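Peer 1: Each chain, letter by letter, is given below.
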Amino acid sequence: MSTANPAGFVSSRRWLLWSGIIALCAWVLVPIYLVALGALGGRQGVYQWPKTGLPMGISLDPFLLFLRTEGVTQSFFNSLGAAGITVALSILLGAPAGYALARYNFRGKDSYRLLVLLTRAFPLAILALPLTVSYIRLGLYDTIIGVGLIHTVLALPFAALVTQGIFLGVPRELEEAAWVFGCTRIQAFFKVVAPLALPGIVATAVFAFVISWNEVFAASVLTVRNRTLTAYLLTVLSESPMHYRFAGGLLLILPSVIFIFAVRRYLFAIWGISSK
Amino acid sequence: MTQTRPWVPYLLILPSVAFLALLFIVPLVQTIWLAISDNGAPSLANAQRMVNDINFGRSVQNTFLLTAVVVPVQLAIALAMGTMVAKIAGGRETILWIWTIPLAISDLAAGLVWLSILQNTGYFNSLLFGLGLIERQTSWLSYQTPVALFIAIAIAEIWRGTAIVMVIIVAGLNQVPKEFKEAAEIFGAGPWTRFWRITLPLIRPALQSALILRTVLAFEVFAVVYALGGRNFPVLVGEAYNWQNQNQNYGVAAAYAVLIMVISLAATLVYLKAIKVDPERLP
Numbered sequence: 007m008s009t010a011n012p013a014g015f016v017s018s019r020r021w022l023l024w025s026g027i028i029a030l031c032a033w034v035l036v037p038i039y040l041v042a043l044g045a046l047g048g049r050q051g052v053y054q055w056p057k058t059g060l061p062m063g064i065s066l067d068p069f070l071l072f073l074r075t076e077g078v079t080q081s082f083f084n085s086l087g088a089a090g091i092t093v094a095l096s097i098l099l100g101a102p103a104g105y106a107l108a109r110y111n112f113r114g115k116d117s118y119r120l121l122v123l124l125t126r127a128f129p130l131a132i133l134a135l136p137l138t139v140s141y142i143r144l145g146l147y148d149t150i151i152g153v154g155l156i157h158t159v160l161a162l163p164f165a166a167l168v169t170q171g172i173f174l175g176v177p178r179e180l181e182e183a184a185w186v187f188g189c190t191r192i193q194a195f196f197k198v199v200a201p202l203a204l205p206g207i208v209a210t211a212v213f214a215f216v217i218s219w220n221e222v223f224a225a226s227v228l229t230v231r232n233r234t235l236t237a238y239l240l241t242v243l244s245e246s247p248m249h250y251r252f253a254g255g256l257l258l259i260l261p262s263v264i265f266i267f268a269v270r271r272y273l274f275a276i277w278g279i280s281s282k
Numbered sequence: 004m005t006q007t008r009p010w011v012p013y014l015l016i017l018p019s020v021a022f023l024a025l026l027f028i029v030p031l032v033q034t035i036w037l038a039i040s041d042n043g044a045p046s047l048a049n050a051q052r053m054v055n056d057i058n059f060g061r062s063v064q065n066t067f068l069l070t071a072v073v074v075p076v077q078l079a080i081a082l083a084m085g086t087m088v089a090k091i092a093g094g095r096e097t098i099l100w101i102w103t104i105p106l107a108i109s110d111l112a113a114g115l116v117w118l119s120i121l122q123n124t125g126y127f128n129s130l131l132f133g134l135g136l137i138e139r140q141t142s143w144l145s146y147q148t149p150v151a152l153f154i155a156i157a158i159a160e161i162w163r164g165t166a167i168v169m170v171i172i173v174a175g176l177n178q179v180p181k182e183f184k185e186a187a188e189i190f191g192a193g194p195w196t197r198f199w200r201i202t203l204p205l206i207r208p209a210l211q212s213a214l215i216l217r218t219v220l221a222f223e224v225f226a227v228v229y230a231l232g233g234r235n236f237p238v239l240v241g242e243a244y245n246w247q248n249q250n251q252n253y254g255v256a257a258a259y260a261v262l263i264m265v266i267s268l269a270a271t272l273v274y275l276k277a278i279k280v281d282p283e284r285l286p
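Going line by line, the protein sequences match chains A and B. In terms of the numbering used here, the first sequence opens at residue 7 and continues consecutively. In terms of the numbering used here, the second sequence opens at residue 4 and continues consecutively.
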């Protein structure tokens, strides 16, 4: 058949390829659109039957009403706080380690890499269970700092490995040239290496943010009153009306999707392997 | 490069080592001790209570079944995405960005998204009703429909978790030199042979890390289950959560935690053994 009509064969294959791609795009996007409809449709929207899936009868009011519900804004800011702590700690602790891995050969380097990789084989959030007792003793239980600390355990190994890749991408010669021109090592780092590594480090920070923002289990175990948004939604889930649940889902999705959009250029490079 | 101050790298890694020791190693040891002790003495009482609990068997079964279904499907979709996107030139960036969106979505949010579709007056029932396949609203997420609930949870997990596999696979595919494919084509290998004989073996490191990451995460499944089925579908982490927060029994919760860790470690070891990776090619 391909000899009889090669052009037709090729175009039908292209058609198949594009319908597959479009179907997979729809598979990702349509559910998000539908939950947004649910969040903006309010109580009437939930019980409307049968649904058309068209944006009718929607307004921002149900969503704003949800935001004004007791506990929502506070937990939103708690989530921001915990994520902020996670970002700060995982970069402050992870980036120096990444730099050491990228620039130095030292005894114990392999053991360190092993420790970092080992964390991947463990369901880390589960370590929140025994922490409850120590946290109560240390006064960290039910605090945002406590949640930020356990989220840093999740984000730090990632940050160390990714920043290693980023520093490897900054040519060593540039740094050495700075020394020749009289910079100390520290000056050379901040004047030459840091500016070049900055975009990658920002992207790593965004990922640390998303890791913390999305974490449910540890946050729910370690908080009672100072809940993060995920922990708050989980605990009120069974007694909330449907449209509140959808509004909560939308509120969870929006910030992290925006952040991922901001670093989309680095997504593939960050996963250890650049997409040149 | 500078051997004059050999302590510098140690100074740089020290903060992260100290942090991981305090908040990774210590809780790890604590969890194990909590699980295998009772009132400060070694005992298997917690493990026994866990095993004899009414939900134990079901939660083990559910978690394993879910992992066994979800991970291979995610890998297959991710490979399909990677293969498709390699064939197009225009719009590649946009399509990849759309496919990565679920990477940023929490499992709780994914559960709520699919709840809006699958609840009784939801879009799925509306669609079936419109097509004349059902006459009344049908419930998919109750304890009376365990199979439908299982499928719903699996779909939500596949929807959310495929993105991370896709990102790792695409990053791996980008590293495969074009020459290999061209050479195989010249020697007459068809697309299917090329995929199985050339592409898959060359992206082994990516496959391995994607599978380890996804499987460990799949055994941790919790919030998506809770959002869709409440307590109707017991899973391991959900049981640990209930023992800790509802029953305030930290020992049995720790026993569940240890069980999940052992399963995750075992799965990691299986992947490390099954998919051999040349250490020189590790990313």
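If you're looking for bench data, these hints aren't it; they were derived computationally from the structure. Every value quoted in this text rests on a predicted model; they were computed, and no experiment measured them. Incorrect hints may have been included.
Subject to a maximum C-alpha distance of 25 Å in a straight line, what follows is the list of computed SDA-like cross-link-like pairs (lysine to any residue) [stated by the list, open to error]:
no., chain 1, residue 1, chain 2, residue 2
1, A, 115, B, 71
2, B, 90, A, 270
3, B, 90, A, 31
4, B, 279, B, 13
5, B, 276, B, 63
6, B, 90, A, 35
Derived DEER-like restraints, expressed as beta-carbon distance ranges [claimed, not checked]:
no., chain 1, residue 1, chain 2, residue 2, range
7, B, 149, A, 39, 24 to 32 Å
8, B, 233, A, 80, 19 to 27 Å
9, B, 24, A, 268, 51 to 59 Å
10, A, 144, B, 90, 32 to 40 Å
11, A, 20, B, 199, 39 to 47 Å
All C-beta atoms in this analysis are idealised placements derived from N, C-alpha and C, irrespective of residue type, glycine included.
Peer 1: Each hint should be assessed against the structure and marked as holding or not.
Peer 2: Status of the hints after comparison with the structure:
Our distance criterion of 25 Å between C-alpha atoms is broken by residue 115 of chain A and residue 71 of chain B, whose separation comes to about 36 Å. For the hint linking residue 90 of chain B to residue 270 of chain A, the alpha-carbon distance of about 20 Å falls within 25 Å, and the restraint holds. At roughly 16 Å between alpha-carbon atoms, residue 90 of chain B and residue 31 of chain A fall within 25 Å of each other, so this suggested pair holds. For a cut-off of 25 Å, the pair hint linking residue 279 of chain B to residue 13 of chain B is broken: about 32 Å separates their Cα positions.
Between residue 276 of chain B and residue 63 of chain B the CA atoms are separated by roughly 24 Å; this keeps the pair inside 25 Å, and the hint holds. The straight-line distance between the Cα atoms of residue 90 of chain B and residue 35 of chain A is roughly 22 Å, inside the 25 Å bound, and the hint therefore holds. Between residue 149 of chain B and residue 39 of chain A the Cβ separation comes to about 29 Å, which falls inside the hinted range of 24 to 32 Å. In this structure the supplied range 19 to 27 Å holds for residue 233 of chain B paired with residue 80 of chain A, their Cβ-Cβ distance being about 25 Å.
The given range of 51 to 59 Å is broken by residue 24 of chain B and residue 268 of chain A, whose C-beta atoms sit roughly 34 Å from each other. Roughly 55 Å separates the CB atoms of residue 144 of chain A and residue 90 of chain B, a value that falls outside the hinted 32 to 40 Å. At about 23 Å, the CB distance of residue 20 of chain A to residue 199 of chain B disagrees with the hint of 39 to 47 Å.
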